[in-house]
Amino acid sequence: MTMKKLGTFCKAHKAVTVYAILVLLIVLVAVFAKVIAPYSPTEASLRDAFQPPSAAHKFGTDFMGRDLFSRIIYGTRASLSSALILVAAAMVIGGLLGIIAGFAGGVVDAVIMRVCDTMLSFPDLILAIAIAGILGPSFVNAIIAILAVSWTKYARLARSMVLKIKQRDYIAAARTTGSRARHILFTYMVPNALPTLLTTAVLDIGTTILGISGLSFLGFGIQPPTPEWGYMLSEGRSYMQTYPWLMIFPGLAIFITVVAFNLLGDSVRDVLDPGKARKHKKKKRKLNKA
Amino acid sequence: MLTRKIAKRLLQMVIVLICISFLTFLLTYLAPGDPASAMYEAAGILPTEEQLETARLAMGLDKPFAVQYGSWVLGILHGDLGTSFSKNLPVGTIIGQRLLPTLKMALLSLAIMLVISIPLGVLSAVKRDGVWDYIIRFLSFFGISMPGFWLGLLLMYVVCVKLRLLPAVSSSSGFKQMLLPAITLAIAMASKYTRQVRASVLEELSQDYVVGGKARGLKYPRILWRHVFKNSLLPLITLLGISFGSLLGGTSIVEIVFSYPGLGNLAVQSVTARDYPLIQGIVLWVAFIYMIVNLVVDLTYDLVDPRIREAR
Chain A
275 MTMKKLGTFC
285 KAHKAVTVYA
295 ILVLLIVLVA
305 VFAKVIAPYS
315 PTEASLRDAF
325 QPPSAAHKFG
335 TDFMGRDLFS
345 RIIYGTRASL
355 SSALILVAAA
365 MVIGGLLGII
375 AGFAGGVVDA
385 VIMRVCDTML
395 SFPDLILAIA
405 IAGILGPSFV
415 NAIIAILAVS
425 WTKYARLARS
435 MVLKIKQRDY
445 IAAARTTGSR
455 ARHILFTYMV
465 PNALPTLLTT
475 AVLDIGTTIL
485 GISGLSFLGF
495 GIQPPTPEWG
505 YMLSEGRSYM
515 QTYPWLMIFP
525 GLAIFITVVA
535 FNLLGDSVRD
545 VLDPGKARKH
555 KKKKRKLNKA
Chain B
598 MLTRKIAKRL
608 LQMVIVLICI
618 SFLTFLLTYL
628 APGDPASAMY
638 EAAGILPTEE
648 QLETARLAMG
658 LDKPFAVQYG
668 SWVLGILHGD
678 LGTSFSKNLP
688 VGTIIGQRLL
698 PTLKMALLSL
708 AIMLVISIPL
718 GVLSAVKRDG
728 VWDYIIRFLS
738 FFGISMPGFW
748 LGLLLMYVVC
758 VKLRLLPAVS
768 SSSGFKQMLL
778 PAITLAIAMA
788 SKYTRQVRAS
798 VLEELSQDYV
808 VGGKARGLKY
818 PRILWRHVFK
828 NSLLPLITLL
838 GISFGSLLGG
848 TSIVEIVFSY
858 PGLGNLAVQS
868 VTARDYPLIQ
878 GIVLWVAFIY
888 MIVNLVVDLT
898 YDLVDPRIRE
908 AR
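Going line by line, the protein sequences match chains A and B.
Residue numbers for the first sequence follow this note's numbering, beginning at 275 and rising by one.
Residue numbers for the second sequence follow this note's numbering, beginning at 598 and rising by one.
Simulated from the structure, these hints should not be mistaken for laboratory data.
Check before you lean on any hint, since a few could be wrong.
Distance condition first, Cα-Cα at most 35 Å in a straight line; then the derived DSBU-like pairs of lysine-lysine [to be verified]: (1) B:K701 <-> B:K773; (2) A:K332 <-> B:K759; (3) A:K285 <-> B:K789; (4) A:K427 <-> B:K759; (5) B:K724 <-> A:K285; (6) B:K773 <-> A:K440; (7) B:K602 <-> A:K427; (8) B:K759 <-> A:K438; (9) B:K605 <-> A:K440; (10) B:K789 <-> A:K288.
Covered, in the sense of this in silico footprint (three residues per stretch, anywhere, with C-beta under 8 Å from a C-beta of chain A), are these stretches of chain B [as the list claims (entries may be wrong)]: (11) 609 to 622; (12) 672 to 680; (13) 734 to 741; (14) 746 to 757; (15) 848 to 860.
To give a feel for the contact side, a few chain A residues facing chain B, derived at Cβ under 7 Å [unchecked claim]: (16) L354; (17) L358; (18) A362; (19) A363; (20) F396; (21) P397; (22) I403; (23) I408; (24) P411; (25) L484; (26) F491; (27) I528.
Ideal Cβ positions, reconstructed from N, Cα and C, are used throughout, including at glycine.
Please build the complete structure, drawing on both the sequences and the hints.
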């Protein structure tokens, strides 16, 4: 995308632009954590434990005397990286399986869909908790646990989209002219399903951050001493009566990040919504003529 | 017609249940280490090699996978979910103790949620694009982005620590002890429901019968509550069913925050203790009850809305 095109896009979609910048800021915090954080996130100094928020320690210090502000800044890394990896993996795995199920039909379809049904018959985080707990608590296992459940949404979505276009004339034409299944899959099916899958993925990031921090809060996610918001909250919980900042600030960090991603997700959906997208195209055509 | 549909759904359910049981059994196979040492670990004993060997034989770990799975399923069909490693009690009994508290919490939180979201949703729809609509939409957006455990902790801090209005440790014994976790769960759900109520009331308001009612000179509140509201409740039934089923599975995070003795709390305990039979039992039960509730909801939906029934 050239700069000029980007400029036109931003002018046409102010909401997306503003929220994308907001999300970008959070990403930058994660990338430049080392520059922003005034202290090391893991260096303990028991003499400085439980200091209230002050000029030296903006958010105070925790039970090991670690600077809470620095830990929250570094915590951005864990939450963002895990959420992005998870959503991307769920979209690719679920999307592909769904497309294959819809395209192949028959036994393949039945097997993939029954597995989906099975995963969907577990409410809330219960399956993720069981998987993460049994595999042993770690960053990777938490991701596997949530992924085991979250791919199903994309699979169902992709399958339904494939079923919609499967009967179209151009697919029949491609078949009659001897296109291979793989060719049809990657030139017609995947590009067709992609916009919807992407919108769902962006909308999903906020929820995923909540899920991961929830698992970590229970102790089944990212392990200490790596700073992670959910785990910090559960540590802060024990000292709530006397040192409330230990649970207020990590929660606030989760909340702000999830709000930012949800705002972006909602605005992206509004753009890709067919009705509105058409309006946008018309506007674009006018701009091109001028 | 309805019987055929029920039969079809039941058959589907059986297939999924078989998959669920297989998956549940597979969970312990994925686990690092073997169940025999996990059993001693959960009971807090350091076993000798001999003890381990005996336990392995007793648990049938030397037999092939299919045989182990088969005897496990047979046990379940006879109502035997096994014995918990950490509590040394039948898994069924332990789960049974948690059912009533979990059911109470589910009902109370759903009730509070409806009290919040129905008036807000209707108000938001009726005053569309007005100040109240914006305020309510704003609040429900933030409600969706709120981590449940943080909300719980904040409520606990304000209500229990600062104001000293309610006890911080909850239990299922009384309304007061259940209030805070129920409110936390209710607020978390209310955002979604407020949006849903708003959307379906708006949809109904645009129907012809509203214009007809006005033309016949009916008073607006009568149209709203007697006709529009009644019709817009239908889509809520499905959503309520899903929430109810999911609440019956326990809500681990909120239960842990308030130390509430529900199923979710038990699930976390069993996972932490690596109590495999208990984990299997809970996972199996939760999936089962969730499926049943969803089935019942689907069927009542057919009964409640004549349009759906006749369409078939």
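Results for each hint:
| no. | hint | in the structure |
| --- | --- | --- |
| 1 | B:K701 <-> B:K773 | holds, 13 Å |
| 2 | A:K332 <-> B:K759 | holds, 23 Å |
| 3 | A:K285 <-> B:K789 | holds, 31 Å |
| 4 | A:K427 <-> B:K759 | violated, 42 Å |
| 5 | B:K724 <-> A:K285 | holds, 31 Å |
| 6 | B:K773 <-> A:K440 | violated, 57 Å |
| 7 | B:K602 <-> A:K427 | holds, 25 Å |
| 8 | B:K759 <-> A:K438 | violated, 57 Å |
| 9 | B:K605 <-> A:K440 | holds, 27 Å |
| 10 | B:K789 <-> A:K288 | holds, 26 Å |
| 11 | 609 to 622 | holds (count 6) |
| 12 | 672 to 680 | violated (count 0) |
| 13 | 734 to 741 | holds (count 3) |
| 14 | 746 to 757 | holds (count 6) |
| 15 | 848 to 860 | holds (count 5) |
| 16 | L354 | violated, 15 Å |
| 17 | L358 | violated, 17 Å |
| 18 | A362 | violated, 21 Å |
| 19 | A363 | violated, 18 Å |
| 20 | F396 | holds, 5 Å |
| 21 | P397 | holds, 3 Å |
| 22 | I403 | holds, 6 Å |
| 23 | I408 | holds, 5 Å |
| 24 | P411 | violated, 9 Å |
| 25 | L484 | holds, 5 Å |
| 26 | F491 | holds, 5 Å |
| 27 | I528 | holds, 5 Å |
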